[in-house]
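If you read the sequences in order, they're chains A, B and C.
Residue numbering for the first sequence follows our numbering, starting at 8 and increasing by one per position.
Residue numbering for the second sequence follows our numbering, starting at 114 and increasing by one per position.
Residue numbering for the third sequence follows our numbering, starting at 106 and increasing by one per position.
Keep in mind that the hints were calculated from the coordinates and are not lab data.
Glycine included, each C-beta is placed from N, C-alpha and C at the ideal position.
Hints are supplied without guarantee of correctness; some may be wrong.
So the derived list for chain B, only partly shown, Cβ under 10 angstroms to chain A, looks like this [as the list claims (entries may be wrong)]:
1) Leu179
2) Ala195
3) Ser196
4) Asn211
5) Phe212
6) Leu213
7) Phe353
8) Ile354
9) Thr384
10) Val388
11) Leu401
12) Ala404
13) Val408
14) Gly416
15) Pro423
Counterexamples of contact, computed for chain A against chain B with all Cβ distances above 12 angstroms [as the list claims (entries may be wrong)]:
16) Leu22
17) Leu26
18) Ala158
19) Leu227
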Amino acid sequence: MEVMPKWAEVILVPLISLLLAAVLSALVIMAIGEDPIEAVNLMVTGALGSTYGWGYTLYYATNFLFTGLAVSVAFHAGLFNIGGEGQAMLGGLGVALACLLIPWPHWTLAILGATAGAALFGAAWAAIPAYLQAKRGSHIVITTIMFNFIAAALLNYLLVNVMRPQGSMDPASARFPETVHLPTLHDLLAPIGINFSKAAPANVTFLIAVLACVLVWFLLWRTWLGYEIRSYGKSEPAAKYGGISPTAITMIAMLISGGLAGMMAINNVMGEAERLVLNAVEGAGFIGIAVALMGRSHPFGVFLAAVLFGFLYQGGAELALWTNIPRELIVVIQALVILFTGALDNMVRMPLERLFLMMRRGNV
Amino acid sequence: MDFLTLIQLLDSTVRLATPLLLACLAGLFSERAGIFDIGLEGKMLAAAFFSAAIAALTGSVWLGLLAGIAASMAFSLLHGLASITFRGNQLISGVAINFLAAGLTVLIAQDWFSQGGRTPSLMGGGRFEPLILPFAESIGTIPFLGPIYQELISGHSILVYIAFAMVPLTWWVLFRTRFGLRLRAVGENPGAVDTAGVSVVGLRYAAVMICGVLCGIAGAYLSTALQAGFVKDMSAGRGFIALAALIFAKWRPWHALYATLLFGLFGALETRPDVIQAIFGIKVQGALLGALPYVMTVIILAGFVGKAIPPRAGGEPYVKER
Amino acid sequence: MSAENTSGRQETAAPGSAPAIELKGISKAFGPVQANKDISIRVMPGTIHGIIGENGAGKSTLMSILYGFYKADKGEIFISGRKTEIPDSQAAIAAGIGMVFQHFKLVENFTVLENIILGAEDGGLLKPSLSKARKTLLELEHEYGLNVDPDAVIEDLGVGMQQRVEILKALYRQADILILDEPTGVLTPAEADQLFRILDRLREEGKTIILITHKLREIMEATDTVSVMRRGEMTATVKTAETSPAELAELMVGRKVLLRVDKAPATPGKVILDIKGLRVVDDAGVERVKGIDLQVRAGEIVGIAGVAGNGQSELLEVLGGYADATGDIQVNGQQLDLSGKLSDGRSRRARGIAHVPEDRQREGLIMDFSAWENTAFGYHRDPAYQSGILLNNKAIKGDTEAKMQRFDVRPPNPALAAKNFSGGNQQKIVLAREIERNPDLLLIGQPTRGVDIGAIEFIHQQIVALRDKGKAILLVSVELEEILALADRVAVMFDGHIMGERQSAETDEKELGLLMAGVGS
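Extracted from the complex, chain A is given alone in its bound form (with noise of 0.2 angstroms):
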């Protein structure tokens, strides 16, 4: 018999976790002498208190759907992917590239060859350490961490030496072209009326990623793949009788998963910079394995931790700009989110489950 009921397991674990992580972040945000509840007062009109708020939130939301769904992926398939950071900053050049060598007439025209080309980039990112994985027996952790470097020097190289367009002292690409330009939220809602904020980022990449989870759920449980992927990532001994070869899941699940990271440009690189610049990615990557951990690696769940996380973004620059707390709060509650949620799952499922033998003894 299970231990505990699903809803304690899918529900209750991750919301006790996330609030051991608010209440420490409170503390902490007490401890450099703040109010929390003020400062939560000021997050929450911040992020949610306008459109040009809810902008932002999205935006960045965004981001955090497509690391966190490339994190999710990966984790299915009993791989953890540290390396969408790098792989989002591929999927960064892939974008650059696309839209600057070709001369896209439309911007519907442009975002097809732009996520074709950041999937490509992201994906063959991963490709690499998927394959050292697969056949070389490479720790895919540590593979993906270096690859995260190489990426950022690979970067650095590029945007200095090679895009940089003459006459610039920026270590950036060029700008894009006006025709690729994305509609933002405030395009999109004017039509039928909704006054959205135009000086918020946010864009119709939030539609896309909102639709790549429903495809990664439709991927996972709904296809063979899916369910390959899934063995492979529950029992590698049962996927080798069943039929599933190993070395295809892995290379097949970290495309997928690099692919989405990569797509993540989109967004931050096509949707908001208009051009590539270094250090674009901003730790999103990262932000992911929080994302997908909260998640549970579930689409929905990680939708749910993506907008969450975009609130804390948005809410964590509000606080810097109007108190003492400086945007750095956000990756401590970041890393007590992971912390809580990944590392000391235990901590918190350990007792649980003595409470609920304990209740179920009482029953009987």
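With chain A's structure known, arrange chains B and C on it following the hints.
Chains B and C alone, transformed into the frame defined by chain A:
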């Protein structure tokens, strides 16, 4: 390239290798005991901040060092709690620790000093000064050997000498003492240790705490010897290079020394593109040189140059089986 | 003597007559599972005491409590008449208890000597400990005839030698009581006999030995007294000389057991499986199967007997499509690809080969998946389970319900995760999946390992029924009894070779045992 340039290059190699070496040996203790640690970076960073902060507040670099070690050990304790006591995922715990350190250091630095996440610059007793070894001046006049002694061997901070002394000490502890035997055993087969009546939990905590001490010294070196004060994210990926060096060294102390010296040399060359041009006649971008340790580690991991086999029980929480 | 003695109320009888070990009312639960219920037992010094019971009867749990691995919820332990608390292994060792686990607790890349001193070193430096251990080892060698090279690295030693190191480890710690948990599982009958001679010698020297096993033969051969466990309870303790295998079997399962399977003589038809010159090299480069020839005909069960680890698993893996090999295999007259390039588990299934793997929890099932997801496993790309590009979950669930009913899987709940079924019901889920495909060739490994008696009979009946439908069956089992009861023809594997083939009606355990040890043919 003249002799003096070479000496200068090697001198800065030693300086840059020191934190790598300490962190690498830290990781060696932890991973030999079966606890993977990708949180070396975070622990170094935390130690860098607290040693600089306490040194700035008290004016004593030694108190700073202690504070740095304590901070690093606190994170080690957290890692132990997650990965030993609660049998969580060691990699995820390491990731969390890295972010926790990255966030908290800036948060506290801002709260204490209000200088945009830095500490004030350390002066006088707030820093580890170079130690001039005996007769450095007089021996220095001897051709060839003199400059080597005066410029390369003499004139480092005490922490450099500690780091290098740690290599034979680590080797001796691991391979010549009871503690070392048990530590290696618990990383290979904790079941053997447990059934022999030795506490797996105790040994692993001990290893993780030693890791904390060494990371603490590494971090303190960054902010109180290599530089004079803490700046945001000053560990700059060194924890990961140390991890790479550990794999490169295949978890062996002497090889850890060679690996970190090699990676230190890359670091030194990164700042001297002129030297590379002089030797190889080509211009190599600093950014690409910086990526070299990572590329080499991937090649080692891929098993193209000798296979790196980690301790067998590494990464697995120990659960007694029936 | 142990420092944990509570000297207040001692129930010490005269020395010599006190039991070496006495357990009183030991109970232990793991979550909702009661592993040990109110168990009491007395073991006299200088005897070999057997504990027999089916898998999951609670034998290992009881011994783990005695060795300080688990803390009993209730009950008391007396060592030589003194009440003793054993909170951890350290206390057990101090009380003079040594244990040889089923899975050896050795550090593979350490030497014999290093393994022996681990945890029993004298002082902080290794050198003195090592030289002292070297001397003691020599003495123990003389005393008990336990030869082993002290400087050999464990991973270079065979299992028999490794077991010897485990026994030496216990003796080095001056154990008076030695517990051996299923010690013959990995040994040939000859090696097992050698082990029993060592145990006899130890008994003569006054050591007390507890032998845990599920093999009746060993109990009858080696022990002085025997206790029987069933479902966490101790059902009887008797003198070995005064009991019989049949009586013990009955005590083990709680009712009269049919030790043989009712089946008509086989009527073998055409050759279904034809293996010629098969060789398998494992990932580490070791040759595991060294050129074997074997045929299985329609309508017969061919049993592969042998001690675990002599190439049987690799044979099944090759036939199942997930290990590479060289040689020649034909099924129904068609060549199988052995390179691993053109074939996998799926293509083998397409050829009419079904496979019930040796380890159902590791290979046969995904323990976290529900029963219905497991029912599709391996056949998940079957068109019947698809609708368009998606899986037809409804069809799979319906199919699962039908199969669960036909194979009497309990509880008949397709949504329940595989890990929540008992061993027997897990095996029925695998069996239903594979047999209902109506394969031409069924590969079946360890069909009844960890399965309760009731399910064993059902599973055996299903296998025989498939044979009677004219299918070919290749059965691998380390249980000789099962092979003899089920197979029509027996092939014995040893060290990657087939040592010989016999009609099962014309052979016996003794002859097969010799072949299993690599002797004769």
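List, from low to high, the hint numbers that the structure doesn't satisfy. Those not satisfied are hints 1, 9, 10 and 18.
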